[in-house]
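Student: Here is what each chain is made of, one letter per residue.
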Amino acid sequence: MNYTALQVTRKNFFTRLNLYLIFSIFSINVIGLLNLYSATTNIASHLQNVFNTQIMWLGIGWVFFMIISLIDYRIFVRLAPVLYILNIIALIAVMFIGKTSYGAQRWIDLGFFRYQPSETMKLAIILMLSRVLVRYNTERGLGFKDLIIPAIVLLIPFALTVKQPDLGTALLIVMIGGAMILAMKVKRRVIIAGVLMAVIAGPLAWQFGLKPYQKNRVLTFLYPNKDPRGTGYNSIQARIAVGSGQLLGKGFQKGTQSQLEFLPEKHTDFIFCVLSEEHGFLGGMATLGLFAILLIAALQCSFLAKDMTGALLGVGVFAMVLFHVFVNIGMVIGLLPIVGVPLPLISYGGSSNLSMMIALGWASSVYYHKDMF
Amino acid sequence: MRLHIDYHDQPSLRGFQKRIKLFYFLLIFLFAGLTFRLIYLQIIQGNELYAFSEKNLLKEIRVQAPRGIIYDRDQNPLVENLPNFALTLSPQFVQDLDALTKELEKIIGMSQKEIKQHIKKRMILNGPYRPVIVKNFLSRGEIIQIELLKIEYQGINIEELIFRHYIQDALLAHVLGYTGEVSARELPRLQEKKGLDIQQGDIIGKRGLEEKFNIYLQGDNGTSFVKVDAKGQQKLSDSISFLGHIEDINAVPGLNVDTTLDLDLQKAGYEAFVKHERQGTLVAINKQGEILALVNYPSFDPNLFSKGITVKEWSALINNPSKPLRNRAIQDHHPPGSTFKPIVALASLQEEKLRENTLVYAPSTFRFGRRTYHDHTRTGQGYITVAQAIEMSSNVFFYKQGLELGVDTIAKYAKALGIGKRTGIDLLGEVPGLMPTTEWKKERIGEPWQAGENLSTAIGQGFVLTTPIQLASAYMAIGNGGKVYRPHIVKRVYDNNNNTVLSVSPELVKDLSDKTKPYYISEETLKVVRKGLYRVANGERGTARWAKIPNFEIAGKTGTAQVRGFSASEIYQSCPKRPFAQRHHGWYVAFGPYEEPEMTVLVLTEHSCSSSKSVPIVKDFFQEYVKKYHPQLVTQKEESKK
Chain A
1 MNYTALQVTR KNFFTRLNLY LIFSIFSINV IGLLNLYSAT TNIASHLQNV FNTQIMWLGI
61 GWVFFMIISL IDYRIFVRLA PVLYILNIIA LIAVMFIGKT SYGAQRWIDL GFFRYQPSET
121 MKLAIILMLS RVLVRYNTER GLGFKDLIIP AIVLLIPFAL TVKQPDLGTA LLIVMIGGAM
181 ILAMKVKRRV IIAGVLMAVI AGPLAWQFGL KPYQKNRVLT FLYPNKDPRG TGYNSIQARI
241 AVGSGQLLGK GFQKGTQSQL EFLPEKHTDF IFCVLSEEHG FLGGMATLGL FAILLIAALQ
301 CSFLAKDMTG ALLGVGVFAM VLFHVFVNIG MVIGLLPIVG VPLPLISYGG SSNLSMMIAL
361 GWASSVYYHK DMF
Chain B
1001 MRLHIDYHDQ PSLRGFQKRI KLFYFLLIFL FAGLTFRLIY LQIIQGNELY AFSEKNLLKE
1061 IRVQAPRGII YDRDQNPLVE NLPNFALTLS PQFVQDLDAL TKELEKIIGM SQKEIKQHIK
1121 KRMILNGPYR PVIVKNFLSR GEIIQIELLK IEYQGINIEE LIFRHYIQDA LLAHVLGYTG
1181 EVSARELPRL QEKKGLDIQQ GDIIGKRGLE EKFNIYLQGD NGTSFVKVDA KGQQKLSDSI
1241 SFLGHIEDIN AVPGLNVDTT LDLDLQKAGY EAFVKHERQG TLVAINKQGE ILALVNYPSF
1301 DPNLFSKGIT VKEWSALINN PSKPLRNRAI QDHHPPGSTF KPIVALASLQ EEKLRENTLV
1361 YAPSTFRFGR RTYHDHTRTG QGYITVAQAI EMSSNVFFYK QGLELGVDTI AKYAKALGIG
1421 KRTGIDLLGE VPGLMPTTEW KKERIGEPWQ AGENLSTAIG QGFVLTTPIQ LASAYMAIGN
1481 GGKVYRPHIV KRVYDNNNNT VLSVSPELVK DLSDKTKPYY ISEETLKVVR KGLYRVANGE
1541 RGTARWAKIP NFEIAGKTGT AQVRGFSASE IYQSCPKRPF AQRHHGWYVA FGPYEEPEMT
1601 VLVLTEHSCS SSKSVPIVKD FFQEYVKKYH PQLVTQKEES KK
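The listed protein sequences derive, respectively, from chains A and B. Numbers 1 to 373, taken from this note's numbering, label the letters of the first sequence in order. Numbers 1001 to 1642, taken from this note's numbering, label the letters of the second sequence in order.
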C-alpha cells in the first residue's frame, strides 16, 4: 500500500467542482456579453433585443451546467442511443418542415425559440461515441472491423448535415469524432488508411459534393479579390476590422468597421471581428488565453476521469470547443474559408450556447464524479 | 469523509493518459496558428489596415437598372423612365438629426416634424442601414442648397434614381400594374422560392404586367464600389488600395415588351365610361385572343406608387367603395344573365332539340313544379324561333331549353367555350368563375341537382358565374367559327438591340369546329345563333337595336347580372330605387363586323340596373374602332349624307 492510497482528503461540493473550468467559462461569458453589447446597442441598431436575449440564454445555460455537473455522466451515456436517434429524426424533420436561412434548411420554429437540430447533434454524437468506443477498449488497439460501428454513428448525421447543407457542422462532426477515436488506441495502419482516405476524399468532394456557393467560398478564400462582391467582400471587411484593431484596439464601441454596416453577421459568426477591432491584439490574446484555460481544464477532467467512458466524454467536449474556436476565429481572420460556425460562449445564439454549456456540464460532471462510485 | 484512491492504474486508462498529450499538442498547434495570424494582421499589417479602415472604406452601392419599356401595338410607349434626383438620408451617419432637419425644412418645403416622422417610419420598414428617400424630384435650386448643406452635415446625399412614369396615368393602371420598393415580406419569397437576385431596396413590379413580366422588365441591377470614409462620406482619393481595383458591375437594362393593346381604343373605352358616368369594365379582344383594350373605371394613378405612396393616399384607395384597385375584368365574376342564353341556344341546336325554324311558345310565365317562373316582360313573346328568342331575350323559351337539355349538357358546351375556367390571360389574379354540373353540386354542396335549377341556369342565373374576360372570349369564339383562343396582352419581349427573347403567338385553347370532339358545334349551328345575335343589335325587337353603327354591322347580346335575388314584382320596379350597391349590373357583349367578326367588345356597367347603360359604351368603342381601322366606312357615311 503506498502513501497516496492512504491519504485522506476532505471533500465538499466546491472542492469537487473543477473551478478552473468554471472560472474560464464565466470570464469568457463576461467578455462575450461586453462585446455583444458593443456590437448591438448603438443608436441605429436593429439588434436591440439581442443583448437581453443572450443574457437569458446564458443564464439558462448556467442552470443546465450546474445541474448536469451534479448528475452522474454515465446516466447521459446510457441514454445516448435514445438521444442520438431522436436527434437523427429531428435532422430529417428539418429537411421537410425546417425554416431556411441563407439557403440552408437549419432550424425548426418551436414558437419560443428556433431549434437547430444540428447543434444538439454534436452533443448526441459525443455521448454515442463515448458509449460505443468503450466496448473496443483493448490493449491491442482498434482495427478496421472495430471502427465499423463508430463510423456509422458518424456518417449518418454527417450525411444529413451535408444535405442541409451545413458544411461547417458536418466538418465539426467529423473532427470531433476523429479526435475521440484517436483518444483510443488505434492500430497504425488504420491511421494511415484514414489519412489516405481524407486525401482522396477531398478532391472528390470538391468535384461532386459541394454546391456552387460552397465552392465559391473556398475559391474566394484562396483568391479574395476575385469576387469582391460576394463572400470575398465579407472576408476582406472582416480582415480590415481585425487588423485595424492593432495592439490595443480602438476602444469600446469605437470600432468603425463594427459599428457601421460593413460587417455582416457581426453579432453571430463574425463577433470576433468586433472584439479584435475594439480591443486589439491584447484583447484577442486574452480571449484565446481564457479559451486555452478552459480547454486545458476540459482535458484535466478527461485525464482524471475514473473510467474510460468519462475520459472519452471529456475528450469529446474538449474537441467540440477547440474546433469551434479554431474554425470560427480562423474563418474570421482569413485562415479558413467562410463556414457558419459560431464562437462558443461569445457569439449570439440560443441553441449553440445552450448546447455548449450542456457539453461543458458533462466535462464538469466527469470531474465531479471522479472519486465517486 | 472518504478514501481518495488513485484508480488510474487501470491499464486502458493509463494508455489513454499517455495519448492525451496528443491533444495538448493539438491545442498548442492550433492556437499558435491563430496567434501568428493575429500578429500578422494586427501588428505587422495593423498600421496599413488601420489607415484603410479610417480613410477608405469600400461601400457597395446598388445601381438600379432601368426597367424595360412597355409599348402598345402601334409602338406608342406606355411607360417611361425619368431621371429623378432624390434627397436621401442615411440615419446611421447623421449626428444631429434635429439641426439637420431644421435646415432641410427651409429647403425642401416639408416641416421638420414631417421629415422626422417619415424617416422613423422608413427605418422601421427597411431597417436602419437603408438610406431613406426624403424627397423625390429635387429642383435645381434645391440641389444646390443641399450640396452646400452637405459641407456642414453628414449623412445626406443626392442620388440619381429612376422614376417609373406611367405616361397615361390612370388609363392603363390595371393592365400595366405599378412598381415599388420590394417589401420585407416579399423579399424571402422572391429570393428563395424564385431565386431572383433581389435585395432590400430594389424596385420590383407589383400587379399587372409589371409584376407578371417582372423577370423580363427588371433587368440586372449593378453594383458600384464607392470608397467612403468612416462617416460614410464619399472619398475621391485612391491613395490606399488594399483591395486592389474593383470593377463596377454595370446595370443591365430590362427587356422591352410589345403588347397587343391599342392606345386609341383604350382611351375611347375609358372616355366612354367617363362620358356616360358609369363604373365597370370593358374588354376588347380580336379574333385571335389579342386584347386590344382592357378598361377599368374608376381607376387609380400608378405614378403614386412610383413616387412612394403615402399612407393617406393608400388608405383612400383601399377604402374607396368603388374599389379602384380591382381589375374587374379578371378579378370579379358575376352571373352572366341573358348573355348566357346564346350558349344554351348552341347546345339546343347542336343536340337537335331545336331546328332553326322550330317555333316554341313563349308566354310571360312558366309553371314548373310548384313554382312560377317569369319572363322579364309582362306579355311574353308568343310563338318564336330560336333567333327571335335571342333577339327578344325570351326567358320562357330558354326555361324550356334548360329543361330539355339539363345542366350537364349545357355545361359541356359552356365549358368548351371557357365558361367557369380561368382563361389563362397573362395577368395575375384571375378568378375562374363557375359552371355548375350535377356532380359539382353533389360534391360541393352535398345536395342533388334540382330540376328547377336547370331553368335558372338556362337564363344565366343560379350558380353560373363568369368573368368579363371569359364571356368576351366565349363570344369571340361564337363569332369566329368556334375557335377559343387564350386571351393575351404581351406579344413580344426583346432587348434593346431588338433581339427577341420571348414571342407569343395566338394559342388555340379549344376548337369547337373539330368534329371528333364531344363538344363539336357545327358551323350551321353557330350561324343560327349569330343570326339571333345580329337581330339583338339590328332586329325590330332587338334589345340593343337603338345603338347601330353606320356602315358597320355588329351582333351581340345584352344581359343583366343580378346582385341578389328579387321577387317577381321587384324585377320590374325597384332597381333604380334600391341602394346603389344592390342594383343590378348591365352586360353587353358584341362582335363586329357581323359577316366576318374582327373584334369582340364586352362592357359591364356596375349597378346600372340595365344592360341599356352598357350598350352606348360599346357603341362609342366600336365607332372609334371603325374610325381607326376602317376609315373608308366613315367617309362612305359622309358621302351618303350628301
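If you are wondering where the hints come from, they were derived from the structure by calculation, not from laboratory data. Check before you lean on any hint, since a few could be wrong.
Only part of the chain B face toward chain A is listed, based on derived beta-carbon distances under 8 Å [stated by the list, open to error]:
id, residue
1, 1013
2, 1019
3, 1030
4, 1035
5, 1050
6, 1069
7, 1288
8, 1428
9, 1431
10, 1434
11, 1438
Straight-line alpha carbon distances no greater than 27 Å define the calculated DSS-like cross-link-like pairs of lysine-lysine that follow [to be verified]:
id, chain 1, residue 1, chain 2, residue 2
12, A, 370, B, 1287
13, A, 187, B, 1613
14, B, 1287, B, 1021
No residue lacks a Cβ here, since even glycine has one placed at the ideal position from N, Cα and C.
Student: For every hint, state whether the structure bears it out.
Tutor: Taking the hints in turn, this is what the structure says about them:
no.: 1; hint: 1013; verdict: 6 Å, holds
no.: 2; hint: 1019; verdict: 6 Å, holds
no.: 3; hint: 1030; verdict: 5 Å, holds
no.: 4; hint: 1035; verdict: 7 Å, holds
no.: 5; hint: 1050; verdict: 4 Å, holds
no.: 6; hint: 1069; verdict: 28 Å, violated
no.: 7; hint: 1288; verdict: 43 Å, violated
no.: 8; hint: 1428; verdict: 24 Å, violated
no.: 9; hint: 1431; verdict: 31 Å, violated
no.: 10; hint: 1434; verdict: 35 Å, violated
no.: 11; hint: 1438; verdict: 40 Å, violated
no.: 12; hint: 370(A) - 1287(B); verdict: 90 Å, violated
no.: 13; hint: 187(A) - 1613(B); verdict: 95 Å, violated
no.: 14; hint: 1287(B) - 1021(B); verdict: 87 Å, violated
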